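S.K.: The residues making up each chain are set out below.
4 protein chains.
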Amino acid sequence: MDGPDSKGLIYHVTGVLFRHGLNIIHNDEYVSPSGRFFMRTEFEAGPIQAGGAADAFDSAALLNELQTTVPGFDEQVEGATKSSGITFRLNPKRKKNIVVMVTKEHHCLGELLIRYAFDELDANILAVVSNYNSLQPLVSKFGIPFHYISHEDRTREEHEEAILRTMAIYEPEYVVLAKYMRVLTAGFVNHFPNRIINIHHSFLPAFVGANPYRQAYERGVKIIGATAHFVNNDLDEGPIIAQNVKEVDHRHTAADMATEGKDVEKIVLSQALKLVFNDRVFISGNRAIVL
Amino acid sequence: MDGPDSKGLIYHVTGVLFRHGLNIIHNDEYVSPSGRFFMRTEFEAGPIQAGGAADAFDSAALLNELQTTVPGFDEQVEGATKSSGITFRLNPKRKKNIVVMVTKEHHCLGELLIRYAFDELDANILAVVSNYNSLQPLVSKFGIPFHYISHEDRTREEHEEAILRTMAIYEPEYVVLAKYMRVLTAGFVNHFPNRIINIHHSFLPAFVGANPYRQAYERGVKIIGATAHFVNNDLDEGPIIAQNVKEVDHRHTAADMATEGKDVEKIVLSQALKLVFNDRVFISGNRAIVL
Amino acid sequence: MDGPDSKGLIYHVTGVLFRHGLNIIHNDEYVSPSGRFFMRTEFEAGPIQAGGAADAFDSAALLNELQTTVPGFDEQVEGATKSSGITFRLNPKRKKNIVVMVTKEHHCLGELLIRYAFDELDANILAVVSNYNSLQPLVSKFGIPFHYISHEDRTREEHEEAILRTMAIYEPEYVVLAKYMRVLTAGFVNHFPNRIINIHHSFLPAFVGANPYRQAYERGVKIIGATAHFVNNDLDEGPIIAQNVKEVDHRHTAADMATEGKDVEKIVLSQALKLVFNDRVFISGNRAIVL
Amino acid sequence: MDGPDSKGLIYHVTGVLFRHGLNIIHNDEYVSPSGRFFMRTEFEAGPIQAGGAADAFDSAALLNELQTTVPGFDEQVEGATKSSGITFRLNPKRKKNIVVMVTKEHHCLGELLIRYAFDELDANILAVVSNYNSLQPLVSKFGIPFHYISHEDRTREEHEEAILRTMAIYEPEYVVLAKYMRVLTAGFVNHFPNRIINIHHSFLPAFVGANPYRQAYERGVKIIGATAHFVNNDLDEGPIIAQNVKEVDHRHTAADMATEGKDVEKIVLSQALKLVFNDRVFISGNRAIVL
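Residue numbers (the UniProt record's numbering), protein chains in the order written: chain R, 1 to 291; chain D, 1 to 291; chain B, 1 to 291; chain X, 1 to 291.
In short, the hints are calculated from the structure, not lab data. Computed from a prediction, not measured in an experiment: that's the story for all the values here. Do not take every clue at face value.
[To be verified] Result set (DMTMM-like, lysine to aspartate or glutamate): computed pairs, CA atoms no more than 20 angstroms apart in a straight line: (1) LYS274(D) - GLU42(B); (2) LYS96(D) - ASP249(D); (3) LYS246(R) - ASP249(D); (4) LYS262(D) - GLU173(X).
[To be verified] So these bits of chain X aren't anywhere near chain R, every CB distance computed over 10 angstroms: (5) LEU66; (6) ASN124; (7) ALA162; (8) GLY187; (9) ALA206; (10) ARG219; (11) LYS222; (12) GLY225; (13) ASN232; (14) PRO239; (15) ALA242; (16) THR253; (17) GLU260; (18) ASN286.
[Stated by the list, open to error] Covered stretches of chain X, as calculated for chain D (at least 3 residues, CB under 8 angstroms): (19) 104-115; (20) 136-144; (21) 207-218.
Beta carbons are placed, not taken as given, at the ideal position from N, Cα and C, and that holds for glycine.
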C-alpha cells in the first residue's frame with residue numbers, strides 16, 4: 001500500500017489481516033520526509049480447507065475491507081465516495097512474465113538465462129529481442145524465442161514500432177534492458193510505465209550517457225560501478241533500484257574497466273530484478289523504496 | 001518487545017499505541033526460525049501540554065496496557081497470572097552511561113573521545129580504565145577521569161576486583177572494551193550481562209584468540225576484518241553486532257595488516273555502539289538482532 | 001622467477017631482456033619476509049621478421065642466459081655447477097587446458113561455461129566430470145564432454161581411480177573444482193600439485209568443512225564470503241588466491257545466505273582462475289603471491 | 001622518475017642503484033597508454049660507516065648518474081645538453097610539513113589530530129587555519145597553533161591574502177583541506193601546485209559542487225562515497241587520489257547520509273595523505289598514479 005501518512009495506519013491494516021486469520025510473515029513500512037506512507041506486508045493464508053483453492057481466502061473482500069479501513073475515509077459523503085488516497089495492491093507470489101532486450105553483449109543475458117534455466121529468476125523469459133543477431137546462438141541453447149529486429153534502414157520510430165509489435169505478442173509485465181544500447185523514445189517508454197528496468201554501466205549519476213568506462217578512465221576514478229534503474233523519459237534518470245561498485249586503479253585501461261565492470265553489472269541487474277519481481281520496490285517520485 | 005510469536009501481535013501492540021495517540025516513527029519486526037518474535041517501535045508523543053513534562057504521557061499505564069494486550073494472556077487463571085511470555089521495554093531516547101576499558105592502543109579510544117567531545121556518541125563516557133597508564137595524556141585532554149589499574153603483582157581476580165570497585169563508582173550501563181587486551185573471567189562478565197561490548201581485530205570466527213593479524217598473515221588471507229560483539233563467558237563467542245572488512249594482498253606483513261585493520265576496528269566499534277545505545281539490538285540465543 | 005633474494009636481481013634480469021631487444025610491458029616483484037624473491041615480467045618480442053614465427057626470439061637461449069645471469073652462480077666450481085637456486089619459467093601467453101569437476105550446483109559451472117562460450121575464460125574446458133548426472137543437460141548445451149562418474153557402490157579410492165582414468169584422457173593442466181562437494185584424498189591431489197583450484201563457500205579460515213552457511217547462520221555473522229584456493233592435502237588449507245564478501249543480516253536464514261553466497265562464489269572463482277591462467281600466481285609456503 | 005618510455009629504462013636505473021650498492025626494497029612501474037613511464041623505487045643504503053651521516057651515500061652523484069643513465073641522452077650536442085626528458089626525484093623518507101584548513105566540521109580534523117598525536121600521520125601539522133573559530137578548542141588540546149581568519153567583511157581576495165600571509169610563516173609542503181568549505185581561487189591554488197589535497201563528500205564526479213548529500217538523497221542513490229583529490233583550478237576536477245563508498249538505502253535522509261558519510265570521508269582522506277606523504281603519488285594529466 002502507499003498513500004498519505006496518518007496515525008494508526010499500521011494498526012488498521014494489520015487489524016484487517018488479523019480478522020481474516022492471515023499470518024504476517026514479514027512487514028515493513030516507510031514514511032517519506034514529504035509524509036507519504038509505504039507499507040509492504042507479506043502474509044500467508046492458513047491451510048486450505050477440503051475442496052478449497054490455494055487462494056480460498058476472499059481476495060476481493062480483503063481488498064474491499066482494506067480500502068475502507070482508515071476511519072473517516074471511503075464513506076459516502078453527500079453521494080460521493082471520499083477516498084483515503086491510499087492505493088492497495090494484492091500480489092500473489094508468482095513469477096512475472098518478461099521480455100529481455102539486448103544488443104551485442106552477452107554477460108547480462110547469459111546470467112539471466114542460466115538463472116532462468118534453473119528456476120532462480122522469479123520470472124518467465126518469454127522472448128529475447130535484439131537489434132543484432134549475434135546472441136541468437138546463446139538464446140537458442142535455452143529454447144527461448146529470439147527476435148532479431150535490426151534498426152538498420154529504419155527510423156527510430158519504425159524500429160520501435162516493430163519492437164512494440166513483437167511485445168504485443170508476449171504482453172510482458174516487465175521489459176528488461178540487459179545491455180540494450182539504444183536510447184528509447186518517450187513514446188516507447190510510455191507503453192511500460194515503471195515496467196522497464198535497465199542496467200547502466202556506471203555508478204549513476206556519474207557518467208551518464210555513452211562510454212561511461214571511457215569517461216571513468218579519463219577522470220581517473222578509483223572505483224567503478226553499475227546501476228539498475230527504472231527507465232523513464234529522461235535518459236539514465238529513472239529511480240535507482242540497486243547499485244554496486246568495484247575498486248580499480250591507474251593500471252586499468254577503459255577496456256579493463258569495461259571487463260571488470262561486467263561482473264558488477266550482471267550481479268546488480270539480477271539483484272534488482274529479484275527485488276522487483278518479488279514486489280518489493282515502490283516508486284516515490286524519482287526514488288525507489290525497497291521494502 | 002520480544003517473546004513467542006503469535007498471530008496479531010503487531011495489530012495488538014500498534015492498537016495500544018494508537019489509542020494512546022502516539023505516532024509511530026519507525027517500526028520493525030523479526031520472527032526467528034524458532035518462532036520468537038521481536039519488535040522495535042520508535043514513537044513520539046504529541047506536543048506536551050502546558051505544565052507537562054516531556055514524558056507527560058503515562059509510561060506506566062502504557063506498559064501495563066501492553067502487558068495485557070495479547071488476548072487470553074495475563075488474565076487471572078485460577079488465582080495466578082498466566083503470562084504471555086512477552087517482555088516489553090520502554091526506553092526513552094537518552095544517552096547511555098558508559099565506562100571505556102583500554103590497554104595501550106589509542107585508535108578506538110581516540111575515535112570515541114572525539115565523537116564524545118562533539119556530542120556524537122549517544123553516550124556519556126564516565127571514565128576510562130586501563131591496565132597501563134600510557135593513554136592517560138590523551139584522556140586527560142578531554143577532561144575525563146582516567147583510572148590506571150595495573151595488573152602487575154595482582155592475581156587476575158584481584159585485578160578484576162579492583163576494576164569492579166572502580167565500576168561501582170560510576171555504575172555504567174555499558175562497558176566498552178576499546179582494545180582491552182586481557183581476557184575477562186566469567187565472574188567479571190556476569191556483572192554486566194549483555195552489557196559489555198568488545199571490538200575484536202579479526203573477522204570472527206576466523207582467528208579467535210591472540211594475534212589475529214599474525215594468524216591472518218600466515219594463512220595468507222586476501223581480506224581482513226573486525227568484529228564488534230557482546231562479551232559472554234566464551235572468549236570471542238558472544239553475539240556479533242557489526243563486522244566490516246578490508247582488502248589486503250601478499251605485500252601486507254602482519255604489522256601492515258594491523259595498521260590497516262585499525263581503521264576498520266574503530267569504525268565498526270562506533271557503528272555497533274550507535275546501534276546498542278539507540279536500543280536497536282536484541283539478543284536471540286547467540287545472535288544479535290538489529291531492528 | 002623465484003628464488004633467494006640478492007642485490008641486483010632486477011638489474012641482471014632486465015639486462016638480459018634488454019640485450020635481447022625485448023620490451024617489458026609489465027613488471028612486478030615481491031620479496032617475502034623470509035627473503036625469497038619473486039618476479040614476474042610480461043614482455044613482448046618485436047615485430048617478427050619475414051619468415052619468422054611468433055616466437056622467433058630464441059627461448060632456449062634466453063632461458064639459458066637468465067639461468068646464468070646472477071654473477072658468481074651457475075659457474076663450474078670444482079667440477080660441479082653451483083646453482084643460484086632461482087627458478088625461471090618462460091610462459092608464452094596461451095589458453096590453459098582444464099577439466100571442471102562439479103556435483104549438483106550449477107552456478108559456478110554456468111558462469112564458466114558462459115565465459116568459455118564467449119572466449120573470456122583464458123582456458124579450454126576439455127570436459128566436465130561429476131558424481132551426479134543432473135548437470136549434464138547444461139553442459140551438453142555447450143557441446144562439452146560430460147563424464148558422469150558416480151561414487152555410489154565404489155570406495156573412495158575406486159571412485160578417484162575412475163576419475164583419474166578420465167583425467168588421463170584429457171591431461172588437463174588445471175583441475176577446477178566448481179562446487180565439487182566431496183573431499184579428495186592426498187593420493188588424488190598429489191597427481192596435480194598446485195594445479196587444483198577449489199571454490200569454498202565461506203570466508204576461510206572461518207567455517208572450514210561442511211555446511212559453512214549453516215555455521216555462519218548459527219554464529220550470527222554479519223558478512224559472508226567465498227574463497228578460491230589451491231587444494232593441498234589439508235582440507236580447505238591450501239594457498240588462498242582470491243576472496244570476496246557480502247553483507248547479510250539477521251533476516252538471512254542459512255538458505256538465504258547460501259543463495260546470496262552463490263553470486264560471490266562464482267565471481268571469486270572466475271577472478272581466481274583469470275589470475276592463475278595468466279600465470280600471475282606464485283606459491284610461497286602456504287601463501288599465494290599475485291604479481 | 002617519470003618521462004617518455006623507452007626500452008631498457010628499468011635496466012639502466014636499477015643498474016645505477018646496483019653499482020652504488022643500494023638495496024631495492026620495493027619497485028613499481030607504470031607506462032601510461034600515451035607512452036609515459038613512471039617508476040618509483042624504494043631503496044636503502046647499507047650500514048653507515050663510522051663518522052658518516054645517515055645519507056652518507058652521495059645523493060648528488062647518484063642523481064647525476066641517473067640523469068645520464070639513458071644512453072644517447074644528456075650528451076653534449078652542439079654545445080647544448082640533449083635531455084632525456086626524464087625527471088628524477090630523490091626523496092629521503094621523512095615527515096612532510098603541512099597546514100590544515102577547516103571550516104566548522106571536526107571529523108576529518110579530529111582524525112588527523114589523533115593520528116598526529118600518536119605519530120601516525122607521516123607529517124607535522126604546523127598549524128590549523130579556519131574561517132571560523134569553533135574548532136579552536138579541539139586544536140588547542142593538541143598544542144597546535146590555530147589561526148582564525150574570518151572571511152566576513154573581506155573580499156575573497158583579501159581573505160585569501162590573509163591566509164597566504166599565515167602560510168608564509170609556516171611554508172608548508174602540503175595544504176590539507178579537511179572540510180574547508182569555501183572555493184579557492186586560481187590565484188591561491190597556483191601557490192601550491194599539486195600540493196593542495198581536498199576531501200570531497202561525494203563519489204566524484206557524481207555530485208560536484210555544493211550539498212552533495214542533498215543531491216544524493218534526491219537522486220535516490222543506494223551508495224554514497226567520498227573522494228580525496230588534488231585541487232587544481234577547476235572545482236572538484238583535480239586528480240583523484242583515493243575514493244571509498246558506503247551503502248545507504250531509502251531510509252537515509254540527506255542528514256543521515258551526511259552523518260554516515262563522515263566515517264568514509266575521514267578514512268579516505270587519511271589514506272590519501274598517507275600515499276602522498278610517502279611520495280607514492282605521481283600526476284599524469286588529470287590522473288593520479290599510485291606506485
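S.K.: Work down the list of hints and note, for each, if the structure agrees.
M.R.: Against the structure, the hints come out as follows:
Restraint check for LYS274(D) and GLU42(B): not satisfied, since their Cα atoms lie roughly 49 angstroms apart, outside the 20 angstroms limit. Simply put, LYS96(D) and ASP249(D) have alpha-carbon atoms about 40 angstroms apart, too far for the 20 angstroms limit, and the pair is violated. Between LYS246(R) and ASP249(D) the alpha-carbon distance is near 16 angstroms, which keeps this suggested pair within the 20 angstroms criterion. Restraint check for LYS262(D) and GLU173(X): the C-alpha separation of about 27 angstroms exceeds 20 angstroms, so the hint is violated.
Taking the minimum C-beta to C-beta distance to chain R, about 23 angstroms, the non-interface status of LEU66(X) holds against the 10 angstroms cut. The Cβ of ASN124(X) lies farther than 10 angstroms from every Cβ of chain R, with a closest approach of about 27 angstroms, so its non-interface assignment holds. At roughly 33 angstroms from the closest C-beta of chain R, the C-beta of ALA162(X) stays outside 10 angstroms, upholding its exclusion from the interface. Residue placement check: GLY187(X) keeps its beta carbon more than 10 angstroms from all beta carbons of chain R (closest about 25 angstroms).
With a cut of 10 angstroms on Cβ distances, ALA206(X) falls inside the contact zone with chain R, its closest approach being about 4 angstroms. Its closest Cβ contact with chain R, about 6 angstroms, brings ARG219(X) to no more than 10 angstroms, contrary to its assignment away from the interface. Distance to chain R contradicts LYS222(X) as a non-interface residue, since its nearest Cβ pair spans about 4 angstroms, not more than 10 angstroms. The claim that GLY225(X) lies off the interface is violated: its Cβ sits roughly 7 angstroms from the closest Cβ of chain R, which falls inside the 10 angstroms cut-off.
With a cut of 10 angstroms on Cβ distances, ASN232(X) stays outside the contact zone with chain R, its closest approach being about 12 angstroms. The beta carbon of PRO239(X) is not kept farther than 10 angstroms from every beta carbon of chain R, the shortest such distance being approximately 6 angstroms. Once the 10 angstroms rule is applied to beta carbons, ALA242(X) is inconsistent with being away from chain R; the minimum gap is 6 angstroms. Its closest Cβ contact with chain R, about 6 angstroms, brings THR253(X) to no more than 10 angstroms, contrary to its assignment away from the interface.
Its beta-carbon lying about 15 angstroms from the closest one in chain R, GLU260(X) satisfies the requirement of being farther than 10 angstroms from that chain. With a closest Cβ-Cβ approach of about 6 angstroms to chain R, ASN286(X) is found to fall inside the 10 angstroms limit, against its non-interface label. Interface restraint, the stretch 104-115 of chain X with chain D: holds (5 residues with C-beta to C-beta distance below 8 angstroms; minimum three). Under the rule that three or more residues need a Cβ within less than 8 angstroms of chain D, the assignment of the stretch 136-144 of chain X holds, with 3 such residues.
Counting residues of the stretch 207-218 of chain X whose C-beta sits closer than 8 angstroms to any C-beta of chain D gives 0, which falls short of three, so the coverage hint is violated.
When each numbered hint is compared with the structure, violations occur for hints 1, 2, 4, 9, 10, 11, 12, 14, 15, 16, 18, 21.
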